[in-house]
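Peer 1: Chain by chain, the residues:
Number of protein chains: 2
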Amino acid sequence: MPGHDLPFSAAEYARRLDLVRKEMAARDLDVLFIEDPSNMAWLSGYDGWSFYVHQGVVVFHDAAPIWWGRHQDANGARRTVWMDDAHVLSYADHYIQSKHRHPMQDLAGMLRNRGYDTKRIGVELENYYFSAKAFLTLQAELPNATFEDATGLVNWQRAVKSDEELVFMRRAARISEKIIDGVFARVKPGMRKADLVADIYADAIRGLDDAWGDYPAIVPLLPSGADASAPHLTWDGRYMESGEATFFELSGCYRRYHAPLCRTVFLGTPPQHFLDAEKALADGLAAGLDAARAGNVAGDIARALAKELKAAGIERSARAGYPIGLSYPPDWGERTISIRDEDDTVLEPGMTFHFMPGLWMDGWGLEITESILIRDTGPAECLCNRPRELFVKD
Amino acid sequence: MPGHDLPFSAAEYARRLDLVRKEMAARDLDVLFIEDPSNMAWLSGYDGWSFYVHQGVVVFHDAAPIWWGRHQDANGARRTVWMDDAHVLSYADHYIQSKHRHPMQDLAGMLRNRGYDTKRIGVELENYYFSAKAFLTLQAELPNATFEDATGLVNWQRAVKSDEELVFMRRAARISEKIIDGVFARVKPGMRKADLVADIYADAIRGLDDAWGDYPAIVPLLPSGADASAPHLTWDGRYMESGEATFFELSGCYRRYHAPLCRTVFLGTPPQHFLDAEKALADGLAAGLDAARAGNVAGDIARALAKELKAAGIERSARAGYPIGLSYPPDWGERTISIRDEDDTVLEPGMTFHFMPGLWMDGWGLEITESILIRDTGPAECLCNRPRELFVKD
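So the sequences go chain by chain: A and B. Under the working numbering, the residue at position 118 of the first sequence is numbered 127, and the numbers go up by one with no gaps. Under the working numbering, the residue at position 222 of the second sequence is numbered 231, and the numbers go up by one with no gaps.
Only chain A is shown next, with the shape it has when bound in the complex (with noise of 0.2 Å):
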């Protein structure tokens, strides 16, 4: 092990190679190369922000794993992954956004050099930062090499946190009630919103005296009134207005790991259907954690909520939540398993997922969610202690 700190245990990363070669050999996989950071971080304590060029780990049966990156990048793999220097390789700057060559095909050389290049080689082809010409190159370099899509099996190991990891989401949860806090108090008709948004932002990095916050992987959203039919919509430079509610979808995140938690805020006098609305989703939302059970199914929590919305006239038909944990840009959800009726994986204690139906109606939106733990017995546990209400302030 390096001289540096880990965040976690060599036992916890051995815990992680052993299941992910595990899977690997129930694939009958003979190398695996993984580009997504969060799936690097996790088995190898990488960490930076050069995901924006292509780098990866790769995973044998029979040596140690390997960091592949730039050559720039790895003073940092060297800094913060737990293999010793001889298992950080790496590439030459020319390959980087070149028209000549492209990073594969230095990965494709070291592949051949270990004699993987007959080899059965899983890649994730559904990934942010894999490309497809990624994907071409390394077929075309390697023609005796079989590909086999990969996708998510890392990401499907990350789904039951350890105990270790559960420290650092409850870290995380402290952080959100933080951030939400400090919304509830300075929001108010006038308020710049890129203001509020300095706020959150300053709430969020500063995190607690024990606990810095980390950045999340997705940018703070609160749009207000109309905007908020839309999910995804960033700030402006408007002001708060009385009369309009405004969501506030955030995450405090600590060392990569989330919590996020949404609520609602109300200025002024909420009309009727936003308080049928609130009392609709709070409903739904206890009876979904009631269904958030270890041996039940992701589709049950899925079911338990859109019985209550229905019954209060309310038809959903996005999906009402995804596992969450550790992640970078652009998503703080795992892409495995989806809170949705036709999704029948059964929940397992340790699985953390935001639980999180929120309502973009028709000119206006409202978000009340939860971070949630399943246990070993009972109804799931909330990572964060904030009432599930539309908070309203004149």
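Mixed in with the good hints, there may be bad ones.
Same chains, same names: a pair is fine if it fits in one copy or spans any two.
[As the list claims (entries may be wrong)] Straight-line distance between alpha carbons at most 30 Å, and here's what the computed DSBU-like set of lysine-lysine pairs gives:
1. K197 with K187
2. K142 with K128
3. K402 with K108
4. K142 with K288
5. K31 with K319
6. K402 with K128
7. K187 with K142
8. K197 with K31
9. K108 with K142
10. K402 with K288
11. K31 with K108
12. K187 with K31
13. K402 with K142
Calculated from the structure, these hints are not laboratory results.
Mind docking chain B on chain A? Use the hints.
Peer 2: Quick look at chain B alone, frame taken from chain A:
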């Protein structure tokens, strides 16, 4: 045109579409599908944090462009793009992160229904958001189409900035100056790094009275001491120490336009090798700025810089800059031109670059950079106005 405010004039969007269509014609493309969020925003006005799911803008010669994306994000599209609502199309939520379906099946259906399934279709093979699986799915769904690699087609049209764009970039530059001034005012030994970052974010987002700050496409980078040998490590909860240098790689952002500015702080008395490197870098930047003239090529800037660095005994292999402008995470570069020896792209008035000769040395790092504009005549203009020197503070 829709009822909402657009960041640019109708003439500006028409100019952009015209440029893209001309290049499509030059490459004999009937259809262009762009998934890069920067290209989407530049062409259509679309702005939202929804690029973690598949979406895109489809450009035709014989019809207006189409925004295509997730159902819940169509509300955001209708509120941000210049095309009318008939040109906003969406797919159902059960395509999201599904084991059974892929959003590209929906896109293929749309293209088939409109008679483009036997045409020549350009796609961005090397892009964060167009996955390998997306390409394979599109190919399988449209077996009679011809796919061409259109990576960078739109990016290259963005290289020369319009006057309207330069107004935004100058606002971003004012925000960059404000951020770096704030760092210099606040930084001192014993300050927790996360607290410094909290203030950086607050300054960046608060922006100026007439220019609210948008989220930069890269988070603040500020490694200290030996960590500064690695260019892309993010912050932590440690404390600023005397006797160490910290570089600050930052950018203000105004409505997605960037003007990065990097400076280095030394707390205490810098050693001679640091002062020598500072002088070499200042000389190299001055020489590079003088070479950054319309009619010269990108490589001329790199060579002018390298000559000065070499005279001081510094060999640098990484590229020394890239074009900047409108960007979404994970990168604020445009991924076309590189300021390096082999790049013979002719510089044109209106091109903007981050001239970025970072020094990541053995055990320390130094960054002094400029965002620059190529002028009609004479050397480049620096968009920010701050001394090009090491900032020393006790």
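Peer 1: Compare the structure with each hint and give your call.
Peer 2: Each hint, compared with the structure:
Proximity of K197 and K187 under a CA criterion of 30 Å is satisfied in both settings, with 18 Å inside one chain copy and 26 Å between copies. For a Cα distance limit of 30 Å, the shortest separation of K142 from K128 qualifies both inside one copy, at 21 Å, and across copies, at 21 Å. Taking CA atoms no more than 30 Å apart as the test, K402 paired with K108 passes in neither setting, with 56 Å inside one copy and 43 Å between copies. For the identical chains of this complex, K142 and K288 are neighbours neither inside a copy (49 Å) nor across copies (41 Å), given an alpha-carbon limit of 30 Å.
When the C-alpha separation of K31 and K319 is checked against a cutoff of 30 Å, the pair qualifies neither within a copy, at 43 Å, nor between copies, at 51 Å. For a Cα distance limit of 30 Å, the shortest separation of K402 from K128 qualifies neither inside one copy, at 63 Å, nor across copies, at 56 Å. Proximity of K187 to K142 under the C-alpha cut-off of 30 Å is found in neither arrangement, the shortest distances being 43 Å within a copy and 40 Å between copies. With identical chains, the CA atoms of K197 and K31 are never at most 30 Å apart, being 54 Å at best within one copy and 49 Å at best between copies.
Taking CA atoms no more than 30 Å apart as the test, K108 paired with K142 passes in both settings, with 12 Å inside one copy and 23 Å between copies. Taking identical chains as interchangeable, the C-alpha atoms of K402 and K288 lie at most 30 Å apart only when both belong to the same chain, with a minimum of 18 Å there against 56 Å between chains. For the homomeric pair K31 and K108, the shortest alpha-carbon distance between copies (21 Å) is at most 30 Å, but the shortest distance inside one copy (39 Å) is not. In this assembly of identical chains, K187 and K31 lie within 30 Å of each other by CA distance neither inside one copy nor across copies; the values are 40 Å within and 52 Å between.
Neither within a single protomer nor between protomers do K402 and K142 lie at most 30 Å apart by alpha-carbon distance, with minima of 52 Å and 47 Å respectively.
When held up to the earlier numbered hints, the structure conflicts with 3, 4, 5, 6, 7, 8, 12, 13 and fits the remainder.
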